[in-house]
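With the sequences and hints as input, model every part of the structure.
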Amino acid sequence: MLLRLSNKLLNISIASLCRSKQLEKAEAAIIDGIRLGVLPDVVTYNTLIIGYCRLVNFDAGYSVIHRMKEAGIAPDVVTYNSLMAGATRQRSLPGCFDMLEEMLEMGIFPDIWSYNTLMNCLFKYGKPGEAYRVFHDIILTDMSPSQATISIMINGLCRNGYIRRALSLFRNLQQHGYVPELVTYNILINGLCKSKKWEDTMNLFEELKESGQAPNAITYTTVMKCCFRCKHLEEGLEIFKEMKSKGYAHDLFSYCTVVAALLKSGCIRDANNCIAHMVKIGYDLDIVSYNTLINLYCKLGDLENAYNLFNVAEGKGLECDTYTHTILIDGLCKSGNIDAAQRHLNYMKEMGFNCLVAYNCFIDGLCKVGRFNYALRVFHSMDVRDSFTYSSLIHNLCKERRYRLAAELLLSCIKSGMKILKSDRRAVVKGLLVTCSKTDVNNFKLQMRTAKILYY
DNA sequence: GTAGGGTTAG
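Residue numbers (this note's numbering): 1 to 456.
I should point out that these hints are in silico values taken from the structure, not numbers from a laboratory.
Where hints are given, some of them may not hold.
Stated by the list, open to error - Lysine to aspartate or glutamate pairs mimicking EDC-like chemistry, simulated, CA-CA at most 20 angstroms apart:
1. Lys-8 x Asp-76
2. Lys-430 x Glu-408
3. Lys-422 x Asp-386
4. Lys-246 x Glu-206
5. Lys-21 x Asp-286
6. Lys-419 x Asp-386
7. Lys-197 x Glu-207
Below is the structure:
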């Protein structure tokens, strides 16, 4: 049977090409279509906009609008919703508002998807209060919230640190007859996991199963990750087993989670076996998988192969990210190759990556080879520091019995509003007790208490 | 057309 090429068919093939990251082929398909007498319609252009926003950036997506206008096709609500989503992906709240405004100017009425996307953007932009107002507006107007509205709301609350509110919203809605779908369970489980609420996570996981819905690979990976985060390695591995027994093809997500946990727990051999299995299956490894692999070689102290893999990843056209570089710099530091670490760090900085974690590793590395003065100079040169930066120094200074300097840093850490490991706090106080007078120690403790009240 | 999982350091 001969299939007549129609708009629908053309659009389906363009969507599929965009999904498989083949924008050029999608463009070529449009030209072929025109040659065969099939003109692109609004759906064709909307699909292309989504593709450009996802694979290039918002501007590339927006430029498609001009082509639409030239072709005499009017943008619709989907066009602008897609552009709002594109702006959101690039974390551009102004871009998202611009699209909403332009849409209204064109006389196109926003729908529930527009408001959902706006809400999502406000949350991603760190404006939970305004997102909440949009949610209220949705409830107050005639628009009925969709399942996605609830999911975006709960996800936004979780990601902005309001896990309790997210949970109580979830429960309140349930009392009013709302039946959450799997995605919402996954979102909430992920939120609980990030807040290290292991028992709540496991309870919700059970509740989901009891609700009659089957957890999917995302649920399993999230629950597993929660176990690892909360130091329940064995329980996490049990979940992995259950996942496999339920017939879920264990994908790159689950493998990377398991391997990272094994590496962190020092089970290098198991991690190695797990990775060998992953490679054997023949997945098309992405950059996160390469990072996990590179990390394994670093932990083995095999920097040569770590760098080989780094080159393989780049050769495949994968974009190495902050994680890749940080893992390598840490690997170099841990193997005592400070000069190479310094060179890689300089390169990373020149390339414009976020170097905070890499600097923290570098400072730790410098301390470990006894170059404290240089470590302190690097510390002072940093624009942004976090609690790891402080604790790397404090921890190593205590080991060197330089307690006064450690105490000074500890105080300035607390004054910057950052929490530090209890063990490091204790090490400083314990050290001061041995080396300083009781009055000095009490004075220091008082300063710490005051600082905590004032700055936490 | 919007929402969910994986990788780094003390």
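Hint by hint, here is what the structure shows:
no.: 1; hint: Lys-8 x Asp-76; in the structure: holds, 17 angstroms
no.: 2; hint: Lys-430 x Glu-408; in the structure: holds, 15 angstroms
no.: 3; hint: Lys-422 x Asp-386; in the structure: holds, 16 angstroms
no.: 4; hint: Lys-246 x Glu-206; in the structure: holds, 15 angstroms
no.: 5; hint: Lys-21 x Asp-286; in the structure: holds, 14 angstroms
no.: 6; hint: Lys-419 x Asp-386; in the structure: holds, 9 angstroms
no.: 7; hint: Lys-197 x Glu-207; in the structure: holds, 15 angstroms
Checked against the numbered hints given earlier, the structure satisfies every one of them.
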